[in-house]
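Student: Could you put the whole structure together from the sequences, leaning on the hints where they help?
The chain contents come next:
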Amino acid sequence: MERQFVRGCKKMSTGLRILAVETSCDETSAAVVEDGRRVLSNIISSQIDLHKKFGGVVPELASRKHIESIIPVIHEALEQAEITFDDIQAIGVTIGPGLVGALLVGLSAAKALAYVRKLPLIGVNHIEGHIYANFLEHPELNPPFLALVVSGGHTELVYVKDYGRYELLGRTRDDAAGEAFDKTARALGLGYPGGPIIDELAKKGNADKIDFPRAYLENDSYDFSFSGVKTAVLNYINQKKQRGEKIDIHDVAASFQKAVVEVLVDKTIRAADDKKINTIVMAGGVAVNSALRVMMGNRAKEAGIKLYYPSPVYCTDNAAMIASAAYYQFLRGGQSDLYLNASASLKLPQVVET
Amino acid sequence: MVKLKTESVEETQNLGERIGKNLQPGDVICLVGELGSGKTALAQGIARGLGVKDYITSPTFNIIKEYMGRYPLYHMDVYRLGGVHEMDDLGYEEYFYSNGITLIEWADRIQEILPEEYLLIEISRNEMTNPKTRFFKFIPKGQRYKQIMECLLKNDALQMRS
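So the protein sequences, as listed, match chains A and B. Taking my numbering, the leading residue of the first sequence gets 1, the next gets one more, and so forth. Taking my numbering, the leading residue of the second sequence gets 1, the next gets one more, and so forth.
Hints are not guaranteed to be accurate.
Pairs of lysine to aspartate or glutamate, DMTMM-like flavour, derived with a Cα cap of 20 Å [said to hold, decoys possible]:
1) B:Lys146 with B:Glu17
2) B:Lys132 with A:Asp211
3) A:Lys240 with B:Glu127
4) A:Lys240 with B:Glu34
5) B:Lys53 with A:Glu218
6) A:Lys209 with A:Asp273
Don't read these hints as lab results, they were simulated from the structure.
Tutor: Written out as structure tokens, the structure is:
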């Protein structure tokens with residue numbers, strides 16, 4: 001577990017501290033972040049042994065798990081930050097996109113806290129949160145920049161013009177990038193999640209061995225499509241099996257990974273070039289992928305573009321990133337009332353200049 | 001039982017669109033087929049037929065995705081669920097018995113809790129022949145779904161009968 005201790009912060013600091021909760025999918029998370037940038041604590045349920053600490057069984061289910069974990073996770077977040085509810089100035093919470101039943105657990109907890117403690121409540125978009133994860137470790141980073149959000153559920157290319165001002169340039173039309181990894185791992189009979197497994201296997205494989213298709217779509221499109229590459233891997237495996245030929249799993253993993261990463265990098269670099277943006281940030285679980293980091297790093301360097309990405313713990317779903325987004329939204333007056341609702345298909349607020 | 005086949009992703013989407021045009025609130029469509037068989041492609045067509053303007057992306061990670069067309073569309077992928085009991089946690093009855101249309105991928109994994117009546121579509125492929133060809137087997141459970149099949153077969157979909 002990642003421990004983000006800042007001792008004595010209560011006495012020393014006068015910053016604005018936000019407690020945020022995130023329950024949009026599998027993870028139950030709570031965090032305390034000061035001034036949108038300094039992480040005082042970031043607790044993710046799958047990474048701590050709640051079973052040991054709080055007793056009882058923690059089931060592996062989506063919303064039920066959130067219900068059982070949310071209170072202990074919030075307490076742990078305060079405890080690790082070495083503060084109490086008295087030191088919190090606002091409550092941030094993910095309101096979508098995600099699984100409604102799961103989102104509502106976090107939202108209900110956040111509303112109860114805001115009501116009882118008479119604190120401002122701030123509803124945050126999950127995708128926006130992923131982008132803001134980059135502010136937690138890069139104090140010099142400020143908009144404008146281009147953000148590539150790649151995870152199991154999302155693939156989005158966003159032009160971040162300013163805090164709270166976004167233009168969605170592209171997104172997936174079928175499978176998310178992380179999903180392509182999961183499904184390919186499934187096809188190869190590997191475990192879940194597929195990303196880390198394929199990344200590891202690919203290190204020993206030849207990425208140019210098999211020419212899996214790259215879907216670039218229309219010439220001017222920044223959209224993505226990863227459903228075809230998964231099917232191409234399945235076809236390759238089936239053909240090999242029918243012919244009784246051996247499958248080199250390392251080569252398949254490396255070639256598949258390159259097919260996905262190349263499209264992500266090409267489109268991101270082209271968008272940065274077209275829009276004349278000199279900073280790129282990556283976010284989401286797939287931003288941990290080593291091939292993506294290397295290829296994006298090289299191509300950005302060639303183009304004279306600065307590249308940022310968060311540590312792995314801030315790439316996967318976490319509440320610290322939600323607290324950061326909540327902070328900047330709070331500064332803009334983006335406070336919600338207690339009628340705030342969750343939305344499964346929440347869109348990123350868009351600003352399109354003409 | 002009706003069998004149809006398609007030769008491309010576009011044809012699968014077009015077939016879905018024709019199904020979507022015949023759907024009413026409360027309808028439940030179950031899609032069964034292996035990885036890469038074209039469940040999401042068919043779902044994309046069904047959504048188009050329902051007038052959904054948004055891209056229909058895979059619901060695998062989020063389990064349920066909601067869209068708005070002529071009626072609400074609930075697109076589910078129950079592959080990641082650990083068992084039928086987890087459907088209770090998702091509040092599945094609110095979707096199945098709602099005023100929207102429910103589309104369930106990997107529905108065979110939650111057989112026990114499916115409503116009495118639904119349209120089952122089994123998708124398969126045969127790699128020995130053309131890897132692009134997809135075979136669709138329609139199994140309507142109940143009068144309402146037999147009706148849908150009749151509507152579907154009245155139009156040009158007939159030409160694709162295998």
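Student: State for each hint whether it applies.
Tutor: Structure-based check of each hint:
no.	hint	in the structure
1	B:Lys146 with B:Glu17	holds (18 Å)
2	B:Lys132 with A:Asp211	holds (18 Å)
3	A:Lys240 with B:Glu127	holds (11 Å)
4	A:Lys240 with B:Glu34	holds (18 Å)
5	B:Lys53 with A:Glu218	holds (19 Å)
6	A:Lys209 with A:Asp273	violated (30 Å)
Consistency with the previously given hints fails for number 6 only.
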